[in-house]
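Take the sequences, apply the hints, and build the full model.
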Amino acid sequence: MHVESLKAGALEQPGENGVAPRAAVINGQLVIKHPPGGPYPVIVPCPGLRLVVNGEERSEPTPVNEKDRVEIIVQDERREGYWQVKVTADKQEALLQVKPWVLVRRQVRDLPPARVLYLEVLEHEDFYKPFTLEDLTREIERQGIQYGIDWQACARGLEASTEGTLIIARGQPPVPGKDASVELFFTTQQKVPVAVGEEDTVNFRERFRFTAVEAGMVLARKHPAEVGQPGKAVTGEIIVPPEPRDIEMTAGSGAVLSNDGLEVIATIAGRPVARGFKGRVVISVVPALMHPGNVDITSGNISFTGDVMIAGQVEEGMSVEAGGNIYIEGAVSRAMVRAGGLIEVRGNVFSSLLAAGSTGALQQKCGAILARVAAILEQFVAAATQLIHHPSFKKDDLKGGIGPLVLLLLEKKFRELPAAVELLKKEAHSLPAISMNSSTALINDLERLVRTPLAINSLEQLESMLKEIITWRDEVNTPPQGASDIIIHYAINSTVIATGNIKVLGDGCYHSRLQAGKAVAVHGVFRGGEIQAQGDVYIKELGSRTGTSTRVETQAGATVTIDHAFENTSIPYRFPPVFFCSGRMGSAAMA
1 MHVESLKAGA LEQPGENGVA PRAAVINGQL VIKHPPGGPY PVIVPCPGLR LVVNGEERSE
61 PTPVNEKDRV EIIVQDERRE GYWQVKVTAD KQEALLQVKP WVLVRRQVRD LPPARVLYLE
121 VLEHEDFYKP FTLEDLTREI ERQGIQYGID WQACARGLEA STEGTLIIAR GQPPVPGKDA
181 SVELFFTTQQ KVPVAVGEED TVNFRERFRF TAVEAGMVLA RKHPAEVGQP GKAVTGEIIV
241 PPEPRDIEMT AGSGAVLSND GLEVIATIAG RPVARGFKGR VVISVVPALM HPGNVDITSG
301 NISFTGDVMI AGQVEEGMSV EAGGNIYIEG AVSRAMVRAG GLIEVRGNVF SSLLAAGSTG
361 ALQQKCGAIL ARVAAILEQF VAAATQLIHH PSFKKDDLKG GIGPLVLLLL EKKFRELPAA
421 VELLKKEAHS LPAISMNSST ALINDLERLV RTPLAINSLE QLESMLKEII TWRDEVNTPP
481 QGASDIIIHY AINSTVIATG NIKVLGDGCY HSRLQAGKAV AVHGVFRGGE IQAQGDVYIK
541 ELGSRTGTST RVETQAGATV TIDHAFENTS IPYRFPPVFF CSGRMGSAAM A
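Take the sequence shown: its position 311, counting from 1, is numbered 311 in my numbering, and each next residue is one higher.
Each computed DMTMM-like pair below joins lysine to aspartate or glutamate, with the alpha-carbon atoms no more than 25 Å apart: (1) Lys-426 <-> Glu-416; (2) Lys-129 <-> Glu-77; (3) Lys-129 <-> Glu-159; (4) Lys-425 <-> Glu-378; (5) Lys-425 <-> Glu-475; (6) Lys-426 <-> Asp-474; (7) Lys-86 <-> Asp-135; (8) Lys-178 <-> Asp-260; (9) Lys-86 <-> Glu-139; (10) Lys-278 <-> Glu-463.
Quick list of simulated restraints, FRET-style, between CB atoms: (11) Gln-107 <-> Gly-37: 29 to 39 Å; (12) Glu-214 <-> Leu-262: 15 to 25 Å; (13) Lys-426 <-> His-511: 31 to 41 Å; (14) Ser-458 <-> Thr-235: 45 to 55 Å; (15) Val-175 <-> Ile-376: 38 to 48 Å.
Think of the hints as simulated: they come from the structure by calculation, not from any bench.
Positions of the beta carbon are idealized from the N, C-alpha and C atoms, including for glycine.
Next up, the structure:
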């Protein structure tokens with residue numbers, strides 16, 4: 001840019017000498033005017049141009065006069081562009097990332113006369129394609145992209161004037177299948193279908209009220225797994241959807257599987273139960289025993305695998321054992337009541353023992369020997385299968401059954417199996433009848449195997465025994481999901497033990513011992529004796545005016561809440577705070 005002389009009067013303004021120092025940009029040309037000998041106008045450079053005065057570049061505000069050689073050199077700018085094609089990790093999209101080349105053209109802005117002239121530039125951007133359609137086509141081919149190409153999106157990428165990302169190809173995602181599930185048709189505490197992959201035993205009984213079904217009722221229906229639809233990658237490969245998970249539904253005691261294997265139907269009346277293991281659910285019906293009167297010397301003791309409902313009372317010296325729940329309408333006097341599930345006594349409890357949940361724990365005594373027998377029998381079946389298909393055994397030799405082969409294996413390779421079966425029988429027979437369930441028949445079959453092996457006719461017999469003992473082993477080794485509760489109204493001189501909660505809803509307890517795996521709630525008086533709980537404890541009135549020794553003990557992290565406490569009650573100090581809600585504390589001690 002050259003400095004031009006001003007026409008007469010162009011920058012003339014009144015001043016001390018008749019001319020004010022001024023500089024301007026007119027039609028892209030720098031014009032300078034000042035009085036002789038100064039002062040001189042000042043020019044301030046800006047980004048995008050270079051200010052050169054008398055051959056020297058200036059970056060700071062610079063005074064200039066008419067004799068100076070002033071150059072304003074405009075600098076155009078070229079901004080680099082780029083482009084790339086990228087296939088996503090799942091191969092469902094091909095992305096075009098593009099930034100066009102930009103040429104920024106600049107010129108000096110016209111500025112009015114000023115003593116201090118701040119230079120400015122005008123910019124114009126021209127965009128250029130960083131690639132051609134042929135370049136893009138070659139890159140698409142190089143990366144093997146061949147499915148779902150959007151050529152219109154490719155064209156937009158060529159015309160892009162801003163940096164961005166476009167999807168130029170889309171695959172077809174696979175449609176996932178549907179896992180198998182089991183739908184239950186009876187009331188449960190957990191109202192959800194059994195999910196595939198459940199590791200823990202799931203007990204679906206109604207905890208506080210008896211739930212019954214009739215024979216012939218459909219208990220559960222299996223919804224088979226549904227296979228998904230394959231997809232396609234932008235590179236052309238077929239994408240296989242993940243295999244849906246299946247679940248095995250079997251019928252336990254009191255139920256039968258339909259011919260198509262999709263329904264479980266009750267064969268007896270009773271309480272429905274569903275237990276879920278890893279990839280398997282077993283639907284059973286636990287029979288219910290309805291005892292219309294008292295449990296006394298006339299009726300004899302009651303021991304039953306299912307639920308027991310007693311309309312009368314349990315009298316002195318009698319016992320009631322159940323694998324399920326026990327409901328007693330009357331009193332329990334000097335008796336023993338033991339259940340695998342809930343115990344509810346609507347009458348009073350006198351000098352008796354109540355235990356809920358102990359039956360299931362007893363079964364675990366067999367866990368180790370069950371695992372040993374199952375492991376040996378599994379090897380036994382594998383060896384028998386291998387020998388049957390060995391060329392040295394002719395079909396004619398086994399016409400009368402595989403008994404000779406079984407005898408050979410017992411004598412030569414599996415001599416420890418008879419002793420293991422005998423130990424299992426001894427362990428199982430030490431358990432109460434309620435814990436044996438249907439295992440007695442299996443033990444009898446195992447005894448026949450080791451005592452009269454020649455009577456075994458087929459490999460299927462061995463495989464059936466193996467399947468049953470594995471099922472029994474899994475049931476014993478899988479811990480129950482929930483604990484068992486006890487609900488009573490009044491107790492005196494009694495022991496009440498529950499793996500779950502204990503609730504005393506009536507007058508309370510006197511000189512009794514309560515032991516709970518969870519919480520204890522006494523809505524009346526607890527006087528004399530002790531409470532041991534793993535969870536919180538609530539007592540409306542604790543101790544007595546006469547100072548009867550009373551003790552409450554729970555675990556760290558739990559809370560003991562007492563509405564009213566009398567003398568000589570003790571609560572270990574190492575446990576959490578005790579809250580005395582009302583009344584007086586007396587001399588209750590923090591032992």
